[in-house]
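**Q** Could you build the full structure based on these sequences and the hints that come with them?
First to last, the protein sequences are chains X and V.
Counting with UniProt numbering, you get residues 1 to 746 for the letters of the first sequence.
Counting with UniProt numbering, you get residues 1 to 746 for the letters of the second sequence.
Errors might be hidden in some of the hints.
Where chains are identical, the list cannot tell them apart; a pair therefore holds if satisfied intra-copy or between any two copies.
Stated by the list, open to error - Think about it this way: if two alpha-carbon atoms lie no more than 27 Å apart in a straight line, the pair counts; the simulated DSSO-like pairs of lysine-lysine are:
(1) K376 / K132
(2) K171 / K729
(3) K729 / K103
(4) K171 / K680
(5) K404 / K729
(6) K709 / K632
(7) K88 / K729
(8) K316 / K472
(9) K359 / K103
(10) K632 / K359
(11) K472 / K222
(12) K299 / K286
(13) K451 / K605
Hints in this document: simulated from the structure, not taken from any laboratory.
Residue strings, one per chain:
Number of protein chains: 2
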Amino acid sequence: MAASSSFSLSQALLSHSLPTHCSTQQHSDRLCLSGFNLSSISGTKPNKSTLRQISRAANPRRRVASRSTVKAAAVETLEKTDIAVVEKSINTIRFLAIDAVEKANSGHPGLPMGCAPMGHILYDEVMRYNPKNPYWFNRDRFVLSAGHGCMLQYALLHLAGYDSVLEEDLKSFRQWGSRTPGHPENFETPGIEVTTGPLGQGIANAVGLALAEKHLAARYNKPDNEIVDHYTYVILGDGCQMEGISNEACSLAAHWGLGKLIAFYDDNHISIDGDTEIAFTENVDKRFEGLGWHVIWVKNGNTGYDEIRAAIKEAKAVKDKPTLIKVTTTIGFGSPNKANSYSVHGSALGAKEVDATRKNLGWPYEPFHVPEDVKKHWSRHGSEGAALEAEWNAKFAEYEKKYKEEAAELKSLISGELPVGWETALPTYTPESPADATRNLSQQCLNALAKVLPGLLGGSADLASSNMTLLKMFGDFQKDTPEERNVRFGVREHGMGAICNGIALHCPGLIPYCATFFVFTDYMRAAIRISALCEAGVIYVMTHDSIGLGEDGPTHQPIEHLASFRAMPNILMLRPADGNETAGAYKVAILNRKRPSILALSRQKLSQLSGSSIEGVEKGGYIISDNSSGNKPDVILIGTGSELEIAAKAGDELRNGGKTVRVVSFVSWELFDEQTDAYKESVLPAAVTARVSIEAGSTFGWEKLVGSKGKAIGIDHFGASAPAGKIYKEFGITVEAVVEAAKAIC
Amino acid sequence: MAASSSFSLSQALLSHSLPTHCSTQQHSDRLCLSGFNLSSISGTKPNKSTLRQISRAANPRRRVASRSTVKAAAVETLEKTDIAVVEKSINTIRFLAIDAVEKANSGHPGLPMGCAPMGHILYDEVMRYNPKNPYWFNRDRFVLSAGHGCMLQYALLHLAGYDSVLEEDLKSFRQWGSRTPGHPENFETPGIEVTTGPLGQGIANAVGLALAEKHLAARYNKPDNEIVDHYTYVILGDGCQMEGISNEACSLAAHWGLGKLIAFYDDNHISIDGDTEIAFTENVDKRFEGLGWHVIWVKNGNTGYDEIRAAIKEAKAVKDKPTLIKVTTTIGFGSPNKANSYSVHGSALGAKEVDATRKNLGWPYEPFHVPEDVKKHWSRHGSEGAALEAEWNAKFAEYEKKYKEEAAELKSLISGELPVGWETALPTYTPESPADATRNLSQQCLNALAKVLPGLLGGSADLASSNMTLLKMFGDFQKDTPEERNVRFGVREHGMGAICNGIALHCPGLIPYCATFFVFTDYMRAAIRISALCEAGVIYVMTHDSIGLGEDGPTHQPIEHLASFRAMPNILMLRPADGNETAGAYKVAILNRKRPSILALSRQKLSQLSGSSIEGVEKGGYIISDNSSGNKPDVILIGTGSELEIAAKAGDELRNGGKTVRVVSFVSWELFDEQTDAYKESVLPAAVTARVSIEAGSTFGWEKLVGSKGKAIGIDHFGASAPAGKIYKEFGITVEAVVEAAKAIC
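**A** Structural data, given as structure tokens:
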């Protein structure tokens with residue numbers, strides 16, 4: 001696998017450090033992510049003595065030959081840490097947040113001020129990471145689910161020595177082009193794992209990260225070499241707790257026994273509208289115990305550092321359950337007049353209160369100043385992080401020697417490199433192949449791909465047998481069988497989407513898919529949007545994609561959904577029409593690791609069409625049949641998905657009547673938009689204004705393709721409960737309607 | 001109020017019995033809903049002796065002079081009920097479900113078979129309703145949150161004597177045009193309170209219904225006359241429990257102390273993918289205790305009728321908490337080979353298994369047969385229901401005599417009739433009025449309307465001070481202050497939307513509004529879609545509607561949201577540009593009681609524009625300025641919301657350069673679509689193809705308005721974190737861009 005690699009670490013880092021979600025940059029060839037320094041593994045043998053030197057520089061008192069020693073050393077360091085430096089460091093975090101928000105005159109100082117102690121302990125004492133390679137594979141993951149408090153994380157990344165958050169970045173907080181946007185964005189700031197801000201997403205992402213770790217550990221760890229081994233930490237607030245998505249994801253986290261997921265609940269009793277008493281009086285501890293979590297309460301999160309440390313220790317000791325550490329804090333701790341009030345949540349303190357807070361906390365420094373002793377204290381993370389990574393690289397080299405095949409596979413997951421020729425596994429079909437529902441054809445693709453793509457895993461929100469998403473050669477990913485690849489999400493669409501975002505962002509080679517009925521994308525739209533924004537190449541397998549589902553009726557029949565996703569940036573909305581197109585849709589989805597894909601698939605059987613192809617799908621829109629010449633048909637019929645067959649039949653009928661007819665499949669608007677003007681003109685010549693489209697969904701947006709002289713056949717009202725054929729007929733989604741519309745304009 | 005009423009009960013029933021969500025039928029004048037027989041109240045004095053006769057016919061052994069007597073009688077009846085008839089009735093329910101699903105060869109027999117006992121006890125022994133007036137105001141509400149089991153409810157409505165579900169309706173289950181669609185739909189089937197099927201929605205709707213009852217009871221009940229007094233019952237399944245929305249809504253239900261909400265949790269351990277063990281192993285009881293519910297476990301839901309009865313009695317005795325009755329049942333009870341398996345969940349049993357089930361349960365009857373003794377047993381509900389309503393009408397007459405003002409107000413809430421001249425309360429503005437954010441102007445409207453509309457109540461998902469939704473003259477709706485009208489939803493958008501659907505469907509005069517940032521409609525889209533489908537006129541107050549929110553960045557900046565709602569059927573997407581347009585948007589939203597409205601409002605200040613008007617908004621698109629003649633301007637500039645000001649300024653600049661320019665505000669595409677062709681031509685003449693639109697959102701769909709020769713200025717990628725002005729400039733949402741585009745085409 002390594003032999004076919006053509007990318008270096010520096011390229012990998014470059015690809016990470018640039019925001020790439022703008023449409024012009026979204027190309028499927030940008031797969032060069034790396035979780036570790038490949039050169040140190042695949043090229044020369046790592047030099048153990050060099051490694052030792054690095055680690056000694058980091059901490060001369062300890063050896064780093066084995067992981068467990070490092071862990072012990074970390075605890076040792078922690079115990080010896082001067083309390084004064086800890087307090088100073090915590091106040092540094094607080095004031096970096098205060099100062100940045102003040103300079104921007106925008107932002108959320110309250111959470112960083114309250115959570116600085118747990119933040120400090122995590123990043124300075126507990127977490128294992130390498131600030132100089134934020135993508136080191138085996139790093140502990142940290143997610144700030146309460147993303148509005150991002151200055152906490154920026155301050156921590158700054159102190160820890162990440163190049164992504166320099167002093168100038170703190171000073172340009174929330175400004176145009178900065179690496180410190182208003183909420184944490186993984187695509188802007190190396191060191192940020194996921195994109196948070198919309199509440200509840202982060203804790204669900206963290207569940208996905210922890211799932212990925214447990215899954216990969218189960219698949220690749222050996223009794224003598226636990227090559228995958230990290231924790232996932234998360235801070236969530238009252239807002240995250242109130243959101244339903246967090247309950248969904250946390251129910252699953254306990255069900256799956258994600259013991260290495262440790263969540264800090266910032267219990268500060270304040271949300272934007274005031275005291276949580278006005279809307280949030282449930283017993284969170286009891287709810288989490290009901291969900292199956294281990295729950296610890298740190299009563300003094302403001303200054304009880306040892307309480308926090310002890311809680312983390314206890315959490316790590318509980319291996320079969322995730323742990324919720326409820327940390328009671330004071331929002332805006334240190335601000336004499338605004339602490340413990342909503343006024344410190346989401347706006348700058350104001351010069352006067354900043355002064356008062358400086359006085360109150362005994363902070364004589366200028367804005368953005370990091371005291372020398374704090375700087376010095378944190379400086380060790382550079383060398384320690386390098387040592388941790390080097391140690392792990394050495395461990396990987398050992399692993400590679402002993403477990404060649406597994407190492408190659410794991411490496412491909414870490415790098416995101418796809419096996420050469422993987423796409424040949426995709427099935428192809430001829431017009432003689434039996435008619436089938438695209439949901440079934442999708443299952444054929446999934447099962448074919450799972451054999452060649454070690455990172456493909458996923459499942460459905462309790463509709464596996466309807467969505468046809470089971471991988472037949474694998475069992476269920478469960479607490480005691482985490483090596484398996486069928487994930488059972490239960491009826492939790494929103495949590496499912498966000499968990500898949502976490503899986504996708506764990507390492508580039510993991511390719512999560514998830515499934516439900518297309519209409520229920522409404523339940524998970526916030527997570528899907530974040531897939532698109534944060535460049536998580538999740539594959540959304542959405543079946544029952546129209547009135548074609550029949551009797552379940554309008555609550556289950558999507559109408560506006562295709563249009564609603566075509567309007568969303570950085571996502572591919574694919575609606576294949578038959579077997580070849582379904583295979584093509586999967587090819588596109590697999591290649592697009594930095595944007596999600598939604599596959600809209602039929603419940604009902606569809607014919608295998610003449611002229612359909614994988615290559616066609618890659619162009620978004622293409623001609624499946626044409627009896628005209630000179631790029632000037634009398635009429636162009638455009639269909640998608642289950643209605644392409646209708647367009648094809650109407651084409652035949654019109655041709656029988658003497659017309660020249662082009663039939664175009666429009667499987668993905670986004671892909672077509674990315675083609676050259678010449679190609680577009682070759683498919684939809686400007687001179688041919690007689691165009692009819694047919695799609696069993698909203699006509700909203702179709703004017704772009706059919707023009708003011710064309711006709712869009714679709715459904716601009718809700719569906720109905722009846723057998724599918726009857727609804728198609730009653731709603732006029734028929735061959736006759738296409739023929740009639742075409743005759744009227746050509 | 002009654003004097004101004006021009007509608008009768010028969011009209012009211014007619015309006016209910018027709019599906020009205022098709023766009024051609026959605027007119028604001030269709031407000032004629034009635035919750036009680038107005039003629040018996042507002043006209044002649046009710047004749048007590050007649051009432052007594054009706055009630056005696058129903059049950060000669062008891063008097064109905066007071067409500068409590070009826071209740072006691074009901075219990076008495078229940079105690080005397082022959083167990084054999086109960087069992088036969090329960091099996092009737094089971095077989096009506098089996099037979100209907102079998103005939104349709106589609107549907108979900110499992111739940112009705114398992115829940116028939118609790119269904120029977122609720123509809124036959126516990127609930128207070130009048131089958132001949134499904135809209136009687138003081139009826140107990142029942143919600144089948146597990147909507148796929150709708151045959152349970154259809155069977156119950158049929159037995160209870162509702163005209164909406166006759167034998168022929170059961171026989172046309174899931175067929176075109178039937179009143180028994182695949183999931184319960186309030187707009188199709190009188191007797192169905194809300195539209196369910198998408199899981200978790202129903203329990204949240206039920207929370208809204210119970211909130212409405214508690215609120216109205218607090219406002220209108222008197223120590224001597226508790227005129228508002230009913231329970232809300234709901235059946236939810238494992239699927240509902242897994243969905244995050246149910247946790248959100250149930251957390252609020254306990255917070256609000258909704259003691260008259262009684263939820264049956266059908267604990268059958270089976271979901272579509274198999275045993276709930278594969279994805280749902282949390283302790284639901286403990287979670288609900290954590291949420292603050294009273295929890296009861298009925299261990300034998302299959303035959304433990306007295307257990308179920310006792311649980312309901314206990315639930316009613318707990319007045320300060322909602323109650324969850326966990327009823328352990330066997331899905332598909334009675335089917336010898338399919339019970340307790342997923343195979344009975346969602347498909348017909350098949351002829352062989354139907355036979356086996358008939359044998360197993362000793363059911364010798366033909367399909368759809370209701371045995372005579374069962375028929376006779378249920379027949380009393382017609383007269384009893386009439387008596388209940390008549391008794392309540394008498395009570396209302398007493399109430400009206402003593403509390404004239406309150407009675408008039410309550411009557412208007414029950415009928416949905418708006419006070420004459422209410423719209424004059426809306427504020428108006430001149431170009432000289434100070435610039436302001438439309439979110440602030442929205443608050444002025446809300447506060448003005450709350451004074452004249454007794455049914456207006458609502459709130460925000462923890463963003464009241466950002467969404468500007470507080471009604472200043474009212475306090476918070478809370479457990480101990482349920483008469484107040486500011487609802488604090490916490491950070492629970494999805495639950496909020498579905499709760500508002502419940503409030504809206506409780507009685508036509510309640511007008512719920514709810515608020516969050518526009519981008520977070522993604523969290524609640526499933527609830528919004530159901531507002532549209534089920535004709536709930538909820539007002540969605542969605543602020544921070546574009547990149548204009550600035551520093552919070554792309555996670556918070558809507559891009560595709562306007563397009564995504566323009567594509568959704570039966571919803572009004574309104575984006576007002578200034579004070580007059582905001583007032584106009586509220587006028588439209590209040591008048592549209594059968595379709596929801598979304599108001600997209602700015603965070604940033606906007607000028608009051610010359611030419612804007614309430615009347616203009618009502619037409620959806622209208623001219624705000626024009627220096628052309630003969631309906632032939634050189635160019636048409638189209639703007640919405642915050643960008644209308646940009647279009648207006650560009651218009652001025654182009655006019656200074658000698659062009660004739662029309663500036664059009666396009667506040668609602670849906671309303672414009674409903675205008676006459678002549679009006680449309682007067683605003684957007686076909687001959688003028690030089691058109692430029694500007695909107696700080698996706699251009700998807702704008703081709704319809706600007707045509708292939710025009711230009712749509714918008715944003716087709718994600719936003720950015722920076723001050724708003726900077727983002728507008730960098731993204732080219734500027735006067736200069738409009739002027740340049742216009743010059744290029746005219």
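**Q** Indicate, hint by hint, whether the structure satisfies it.
**A** Verification of the hints:
{"no.": "1", "hint": "K376 / K132", "result": "within (17 Å within a copy, 81 Å between copies)"}
{"no.": "2", "hint": "K171 / K729", "result": "between (63 Å within a copy, 22 Å between copies)"}
{"no.": "3", "hint": "K729 / K103", "result": "between (63 Å within a copy, 22 Å between copies)"}
{"no.": "4", "hint": "K171 / K680", "result": "neither (46 Å within a copy, 52 Å between copies)"}
{"no.": "5", "hint": "K404 / K729", "result": "neither (59 Å within a copy, 55 Å between copies)"}
{"no.": "6", "hint": "K709 / K632", "result": "both (16 Å within a copy, 21 Å between copies)"}
{"no.": "7", "hint": "K88 / K729", "result": "neither (73 Å within a copy, 41 Å between copies)"}
{"no.": "8", "hint": "K316 / K472", "result": "neither (35 Å within a copy, 50 Å between copies)"}
{"no.": "9", "hint": "K359 / K103", "result": "within (19 Å within a copy, 79 Å between copies)"}
{"no.": "10", "hint": "K632 / K359", "result": "neither (79 Å within a copy, 68 Å between copies)"}
{"no.": "11", "hint": "K472 / K222", "result": "within (26 Å within a copy, 65 Å between copies)"}
{"no.": "12", "hint": "K299 / K286", "result": "both (16 Å within a copy, 23 Å between copies)"}
{"no.": "13", "hint": "K451 / K605", "result": "within (26 Å within a copy, 57 Å between copies)"}
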